[in-house]
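Novice: Which chain is which? The protein sequence lines are A and B, in order.
Throughout the first sequence, residue numbering follows my numbering, covering 11 to 978 in sequence.
Throughout the second sequence, residue numbering follows my numbering, covering 94 to 521 in sequence.
Just so you know, these hints were derived from the structure itself, not from any lab.
Idealized CB from N, CA, C, for every residue including glycine.
Each statement offered as a hint is correct.
Listed next, the stretches of chain A that the computed footprint assigns to chain B, with coverage defined by at least 3 CB atoms under 8 Å from CB atoms of chain B:
| id | region |
| --- | --- |
| 1 | 116–127 |
| 2 | 764–773 |
| 3 | 924–931 |
In silico PhoX-like pairs for lysine-lysine, Cα to Cα no more than 20 Å straight-line:
| id | chain 1 | residue 1 | chain 2 | residue 2 |
| --- | --- | --- | --- | --- |
| 4 | A | Lys642 | A | Lys967 |
| 5 | A | Lys32 | A | Lys67 |
| 6 | A | Lys778 | B | Lys417 |
| 7 | A | Lys813 | A | Lys790 |
| 8 | A | Lys555 | B | Lys208 |
| 9 | A | Lys891 | B | Lys226 |
| 10 | A | Lys801 | A | Lys814 |
| 11 | B | Lys391 | B | Lys295 |
| 12 | A | Lys798 | B | Lys367 |
| 13 | A | Lys657 | A | Lys829 |
| 14 | A | Lys264 | B | Lys504 |
| 15 | B | Lys208 | A | Lys430 |
| 16 | B | Lys107 | B | Lys181 |
| 17 | A | Lys295 | A | Lys476 |
| 18 | A | Lys802 | B | Lys417 |
| 19 | B | Lys372 | A | Lys790 |
| 20 | B | Lys417 | A | Lys798 |
| 21 | A | Lys795 | B | Lys367 |
| 22 | A | Lys430 | A | Lys409 |
| 23 | B | Lys226 | A | Lys889 |
| 24 | A | Lys802 | A | Lys778 |
| 25 | A | Lys790 | B | Lys367 |
| 26 | A | Lys795 | B | Lys372 |
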Amino acid sequence: MRIGLDIGSTTLKCVVLDDDNKIIYKEYKRHYSQITEKTAEMLTSIKNAFPKETDVKLSISGSAGMGFATQCEIPFVQEVYATRVAINTMLPNTDVVIELGGEDAKILFLTDGMEVRMNGSCAGGTGAFVDQMATLLDITPNDMNELAKTYDKIYTIASRCGVFAKSDIQPLLNQGAKKNDISASIFAAVVNQTIGGLAQGRTIEGNVVYLGGPLTFMSELRASFDRILKISGFCPDNSLYFVALGAALVPNNKLMNIDETIEMIGKYTSTNDYNSCAPLFQNTKEFEQFRKRHELNCIATNDDNANPDKIYIGIDAGSTTVKAVVIDENQNIVYSEYMQSNGNPISIIRDFLMRVRIRYPEAKIVSSAATGYGEEIIRNAFGVDFGIVETIAHFIAAKKFRPNVDFIIDIGGQDIKCFKIHNGAIENIFLNEACSSGCGSFLQTFAGALGYSIDEFAQRGIFADKPVDLGSRCTVFMNSSVKQAQKDGASIANISAGLSISVVKNALYKVIRASNADSLGSNIVVQGGTFLNDAVLRAFEQEIKREVVRPNIAGLMGAYGAALYSMKQAKTDSTVLTLDQLRNFTHEVTAIVCKGCTNNCHLTVNTFDSGRKFISGNRCEKPLAKATATTKYDLYEYKLGLLSEYKAVKGERGKIGIPMGLNMYELLPFWHKFFSELGFEVITSPSSNRALYLRGQDTIPSDTVCFPAKLIHGHIDALIDENVDAIFYPCMTYNFDDGISDNHYNCPVVAYYPEVIAANVGKLCDIKFIYDYVGPHRTKEFPAKMQKILKKHFGEISISEIKKAFTSALKEYENYMKKVRDKGTEYIEIAEKNNMPIIVLSGRPYHLDPEVNHGINKLICECGAVLITEDSISWRVEKFKTDVLNQWTYHSRLYAAAKYITDKPNFNLVQLVSFGCGVDAVTTDEVRRILEEEGKIYTQIKIDEITNLGAVKIRLKSLFAALEMGKE
Amino acid sequence: MAEKNAIFKKEMKKTHTILIPNMAPIHFEILKNVFIQYGYQVELLTNTGQAVIDTGLKYVHNDTCYPALLVIGQMINALQSGKYDLDKTAVVITQTGGGCRASNYFHLLKKALLKAGFAKIPVISLNLSGLEKESSLKITLPMIRRAAAALVYGDLLMLLDNQVKPYEIVKGSSKKTVEKWVRTLSEEFKNGDGLSKSQMTKNFEIIVKSFAKIPLNRTPKVKVGIVGEIYVKYSSLANNGLEQFLYEQDCEVMVPGILGFFLYCMDNGIEETKLYGGKRFMAFARGVLLRYMEGLEKNLIDAVKKYSDFIAPSPYKHLCSLCKGIIGKGTVMGEGWLLTAEMLELVEQGYGNIVCTQPFGCLPNHIVGKGMIRKIRTKHPEANIVPIDYDPGATKVNQENRIKLMLAVAKENLDKKIASKKKETANI
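If we strip away everything but chain B, and leave its shape as in the complex, we get (with noise of 0.2 Å):
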């Protein structure tokens, strides 16, 4: 019989190392401190480059999509590295549950691992779906608040720094201010501070303002917004660079935060239970958090509008609300109807040129992506949308010269709305 991989073991936690993949670097950096803060020593991944995608062209079916190759070629690169302790070092990778490839990510890893050699590394299976007990991080409810907690500060800092960089007169001062808080949320989280509802308010508070007094200089720029499959959307390894890019092209870029994907994740049971039947505890149970969630996601938006004037993202009510008519809620494998509503979100906040990433042959972008953007058109003229294949044969000047060719649209548009406004203003 094979090779098995090992298995996590409680009393691990002292001894290894865990390695964690990168997604989106700010909200993961914050992230990994509730880990620390629950005693395990964790260590976020940095290694990119080529050298990541040939280790998971190796090791990983070429045909799965690019993220799970892209985290797995990560792991499998760190681990040849040298740099780790091999018999002190354990992996970690997300499973979402439901009828994605993605909730297969975790028995990919370990057959890769295997193919590699590094049986002895344990896999932890981070999930909220109940999957594989015996090698699942054992996740609490408080946990679950704590990285909820962490995934909003993240979601705050994007949200401004996006709408910061572009227009700052001093370079570098959104991004200082990024550092400077990452810094200090991190060291608040060590002490078991900085979680409390209360305590959130009041940072959220401190924190806006921090970015509302930068001088800015606000030019009109073409805003584009980013869709996609969570992992292209938020990696900078995956879309290759999309957000510098597009910064390079005089845009100001929105990207849709992880906490609507977290809250969408808590729905989805709740909208099963409601489409086909199913206990209602746990449906239930699934609305408490829910609601608690969508609490925090209330504070944020609240001390956005309240302290500056920077765009709020929509409250999570919202985005459901805009799917009505154009997909179903019942759309639930992958990014599901969510990312449907968040091209809807972008086009009424004004980001209505929009880059639809997804890793090539993505399932439900398909459906929800690809799929969607006839209905999305009829509805708004106006959107404006790239879908672009992310995968390790894609070259970078396929994809940028059809960004360019949606940016191009944009700038004419954009134009044609200061001409406009001008002679409007040139009337009175």
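With the rest of the complex left out, here is chain A (with noise of 0.2 Å):
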């Protein structure tokens, strides 16, 4: 008898088979990581279905059994090896495998060339990513598919990890996108991310075999993977065993005796041999002191027999949570709620004001205010009189308990947001990137995970003896590190302790990147839900060395600092809705396509009784058609302008492509006019977008290359179609010298991409792909360069000519910049005789692409600045000294930007990232430092595959609120 065993990351699977490798006998459960003791039961159960069998010949697969199976020397087979075994016994004319599990995702290539592959360690699109995202839509997974059976259309959900999708469905959610639609999109999600991460290049297609529990229990997934690679696949029986299969079926000649066995896996216990922190208590005594010390920052709440005749409302609509307030005039909190959103903060609010406008039927509400991710919609659906950004409600609140205050952090659901106060002002902003997100959530999704409610979990972690150190990461890499932590032994409470203090860990080193308490301040304010756990309480009092302030209302700042920031603001009456009002409030959602402009963007409706309105999802103000604060000095507009007007030019020496993307998007005006001059006619990639980028992604080979890389991808493959002569993508160590820097160089990125593709894109070989190095910053040495290089693919052509070209694209190149930093000059003019702010949003010049920089250029316009680039700026600036090398001619602008705006009052920086750029973690502390010396607010935005702008407005807004707050 054999038996395969397959102990996966969530589930725990085995076949028995008899001498003629027949399934006698199968069992498919989740193990919530007790891996050893649910093998054992496993076992039991099978040696009392076949009692007679002493001896068995077992075999070990999937990634949480490899170390046990090592340490009980039982034969260990890969799991992904295991399928091919199975799958070629039992499917043998499979072409592809498409397997996906808890946490991996697996391609198996069997015809042409043998290719397996599995994601790396930064990817989602997993059984666990399916079930998060379940959770944050509050259903099952069985529910997921059956809503996406009939979903309208499909939304732009970032692929690349759950913390990614879940900052892109969560707004989604909040501005009333429906859950047909989301459970649909997240499995064309799924789907994306295994074709971006894992075909590299090879093409899906002939018998296509779907294996593992996602794809075997969700009929839509499957269905989506058939649509998106128009292929349809099959799903055989046994799907969910495969694994299990193939390791029963790898020859094995090690007979083990099945009551032995069971025994010593009962037995196993590891060697308890993690790295630890220290416990966050040494008694209960000492918890107690703690206790007691949290315990005096306390105000009154929920006062069952006040009575006020004037009450002001404060509502909290944050990511997961709703929280609200209702104040009398003292201040004092008389009534409150903290609710999950469950995905619609709608109908949670109105039965909150319903409740309010019951349980004070003679009171007169004098204000109200709205903050969080729901702002705007709650404004709009209940006529709340203010709206107030998060960042300054936490700040009104924290001045309450500490007049002083000089630094708050909040950690909530899905944010951590940090602010230094200096003067009475905001100084600083810190609020966590998409992709360091351990907050709140974090924390429920591991404790649902392994089967506790979040209170339940956090108390056990308070006087764990060994908190697992987890160091700080995200938490796709967390899962793993967890699970690793289980295998060697760790307690639930050494866990749940370790997580509260990884938590803290990333909140500090990650998102404020301090290194030391005194960098933070010595009033600190700690705010936010999860604060309430008094286990990240510890662990930050422990880490920082310093004692914080808790409020006890820690969970309700945000919807207090609104209620009392609407108190100071109230007029005479509030419009918020009467009781009548609330109980004929009617709400519909549609969802369309918005004409306005060739964005095409997908709008979200939201209608209310009486006709209000809200609109969501759009990156211009054309659908919404009220007048705004926007401006219309948009640079990023003027530079898309003026490279939109290289149009091609026919030419008798024939058609050359240009894929807009990276350098181009600066080099274009130069290499246009050199071959335009040449006599061929320069065709340009289209404009970007989503569509354009899925038609490149199987091409990738590295998922964790940044997106403006990938995207170049799509834009060859659009090339191919518009039937040029040749691509034209040259390799190119050097950039032009801006002289502002030790040297000029191209990041590696920018520099040898086109080696990517032409290693990578198969469809390359019928057309002429020219990828040469060029180095155009010597102009002496270029012309005979160029036309070697251009006698390969087109003849003689004389040195002459080269020469002529060269000296007009390069004219054409200075004259195009200059055009770009005249433009910014007369911008900044304009802006300085009109006193309005101006924000230089610096990055790449190919950050200018909509698709990369998802319209924040236009949300900086709308809240009323003027917007310059960095390349308009940096030449005002002599060169000086960074305390970096400053060797890259791109980032030198960085730097001499940041440089210039240092003495300028009404100047700001705001610098894109995009996710990946290995570069810019050198970059961004050099700007910040560069800014911070001076006195002077640094913002980053990460960018990437992601559409949320939510967390991108807050940021925004919290800048410029925090400039208002300076000026007064």
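Please dock the two separately framed chains into a single complex, following the hints provided.
Specialist: Below, the structure written as structure tokens:
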């Protein structure tokens, strides 16, 4: 008898084969991380089913089984390999296998050169991801599958990892998008993640087999694969068991006594050698002291006997929860609620408002304010009087507890917000990036995965003796670290404490980038629901070695701040809906595609009774049809306009295609002129959009490269369809020299991405692809070098012709850069004349691409600012000494731009950073230093495929609010 | 204005101990003697473990490449240990030059030292690109020659050890031989011996012979090559003990030497002049040095071939030719085209199972590592390459699972090969 055991990240599967390789027993169950116990149980069931079989051939497979298989000397088979063995035996005609597991995604190409691929360490799109998303939608994965059957539209959801996807989905929910559509969109995201991460240039076609839990249980996920890949895949019998089956099938001559094996596994405890941190509390006495100290920071809440005449309402609609408070004229909280938004904050807030109206029938609602993600929709839906940026709301509330507060840290469900206060104004703001969001929902997810409520889970951590040292890392990595710790024998208590500590470390070292407590401040207020967790609070105090203030209403601070704000701003009467109006409240959601311009934004239109409306999903204000503070001084738009003027001109030498991505966003004027002069028709690839990205995604070899680089694949694919004679995309170690840096390199990706394109886009073999190394920065040598290159592809072109074209091209490039500079100067003058704030949106030339920047430039202009670019002012600065090696042309402009604005009060800088940009790990710290040394606020926005502008909005609004407060 | 880092002054040579981060244990142990011979007091850092990583995370931007985080973490951790007199300690770090982030390690270290309160610790830059003139170590031509010699010895010992260790009958014999040679060579270096071309030729012969006579049992094993970002490739701290793991999985491991990287760095300037133009004289000077070192390489290869049947490394020239049609020699940031060429070389030598190591988010490796796998496989379908990312967040289980997948395929290929060989023999 042969037994194959597949110990996956969440489930346990076994298959028993007889001598003819027939399955005579199988079982599938979740193991809740109690791996050894459940394994022993499963083997016992097998033993009981086959009491006569005493000696068996047992093989283990699966990521979670690796360690203990080795320790117990049970043969181990790598799981992807096991799948292959099983497929070869059971379904030998298969071309491709797609297998999704709890935490892994795999593709096996079996024909035409076998290849097996597994997701890297930074990737979602797996069972755990689907579960996580279902939790977010407050439905079961099964419901999700049912809902997805009737969808109307697919939203773009970042598929890189769960954390990203979450921040895409949350705003959709808050804006009222339908769960049917979101469910289907999540499945599509999984498919795109799998293809984008694992296909790597190979086409998925032929007989495709689907394996693993998610693909077995979710018909709509399979349908989504079918639809996107244009195939019809097949999910065989026993699709859950192929790994186990493969393990059983792999030759194994080791006979093991089943009783002894069960005993051995049952007894197996790991060596308990995980890294640990100091316990949170030495003893209960210490804990009591700690608790007493924090009880001092308490204000009265929820007075049932209160009967106020005048009340003020504050609502904080956060990403996963809604917090609301009612205060009286003495600023005491008479009533408050903390509610899960369950993806539908509107109905929850309506209920809340009705309760308030019923509870205080006599009281006059004087004023109200909303804050948080849902601020705008709530104001529109319920006639809430004021809106306030959440950072400011938190600051106002914190001041109530500690008037001289100089540092606030708020850890909520999705966000970490920290701000430094100097002279009563917000001096600096830190918000977590999508990729480092170890926050409240992170703890909750883990608690849930381990089968506990969050409160119970946190409570267990308080007296942990050896908290697991999990470091500070992203959720996806944390999953596997927790698994590892469990395998090493860490108890739930120690894991719980370890996770609390890691949340703190993440906030301190990743978000704030602090190296010591003194850099934070001396009067620190901590807030946000996550800090109500004593373990997190204690870990924070331990880590910074300082006592902090945690208000008893830590979770309500945003709402409380909003209420206080509404009181300050109050006019005579509130416009909040009356009880009758609330009773008649209706809310309808429709999805439409905006026809206002070529962006074709997917709009979500919320219509309320009496015609109140809220539209979201728009990239510009056209569909809103209302006047705002938006300025029209947007240098991004101007630059894009300039580039779009480089149109194709017919030429006798043939058509040359140029992909519009990366450095071509700056060099187009140069190359366009150069080739046009030589008599080539220059065709540029179309502007980027989601569809363009998707058509190239299966040829991306490295899924962690920056998004602008990934986009190039789509542009190349589009050019191939344009029937050009050649595609020109040269390698360039060096860029032009602006004269403000020590060297003038391109970053490695910009410099050599053409090599990647040549190596991975199969279709290029039918077309001339010119990706030679060129150096137009060397004006003397360039013409001759270029002549040689062109000769290879187009025959002899005379050197004088090339020289002439080169001279014009250089002029054209200079001309383009000058136009940008001049326009910048013009905008600056306008801003200064009209006293408007100036934002230097700095990044790289390719951040101009609207698909890359997601319309952040427009957001900035909507806030009433004049927008200029780093390259429009970098020339105004003499070369100066930086604290880093200043050796990349594009990056030197960042330093120069930062330097230039340090002494200019109406200038501020926002730096766009692409996820995965290694170079920006260097530049961001340096730009920040340059600005902060002169007392400027540094704002960084990390962008990726991500389309969630909510977080960006908060960041920008906070910046403007902080500037505003600074003025006061 | 903010605090500034102290500068390493000439007279500190006498008073200060210079801490050197450890990348490749055999190589650096020998290399450090070159510095000693020139009158520097140096110490090779050996502190490892989670504390080093944590220190790095605390003082270096977390998105910075892992090697920077580790090297800087290791130094600050050492400085914090209380083992060193902080008034008499300096640190040294390499700067490769070129468009990779690695050229910025020096500055990142300086920033980190300030953050950690070690402003008075001078930082020395070790580079051949003329960067950071006031803080760099004065490097003379003879010094480069000696350093190169040390690296070649290191390469030879590593090469032989790798091919002997998995098969040795008496466990530990190879290790003992390596240790003996490190000791002997260190002694010789201190006296200025062992560095001339003729002495090296002689030494090479004895070294190769001393390994060749270790009794072996050559059972067929899975042969695995390791390439990657230079620090992660060699440092067990960075790659979670990759070599050790592979030994435990019963593999033979081949790690291409450091000399190749040295030659590549020399050659880059020449290639650049060829591609874009530039001063011929500099290219000529580099060419002279390149040829000198190619001479050393030839000695090594000859010795291995003549006195043993171990697999010798391919000459640098051959590596250059291997990447023709695969990747341009103009790709010169980080490990550049050399990394791709090394994979091709490994396949050619029979080490077609390859772990391509890189720090998470390593920019050059998107191009020359992951970016080239498809082309390599088109040329050599038998190549079995797994790229592995290393960073403070990646877990060992995750990495090992992926490596095991590669090994499972490798094992199957090996079994097939053995079976077909048996068949052949049977047919004869």
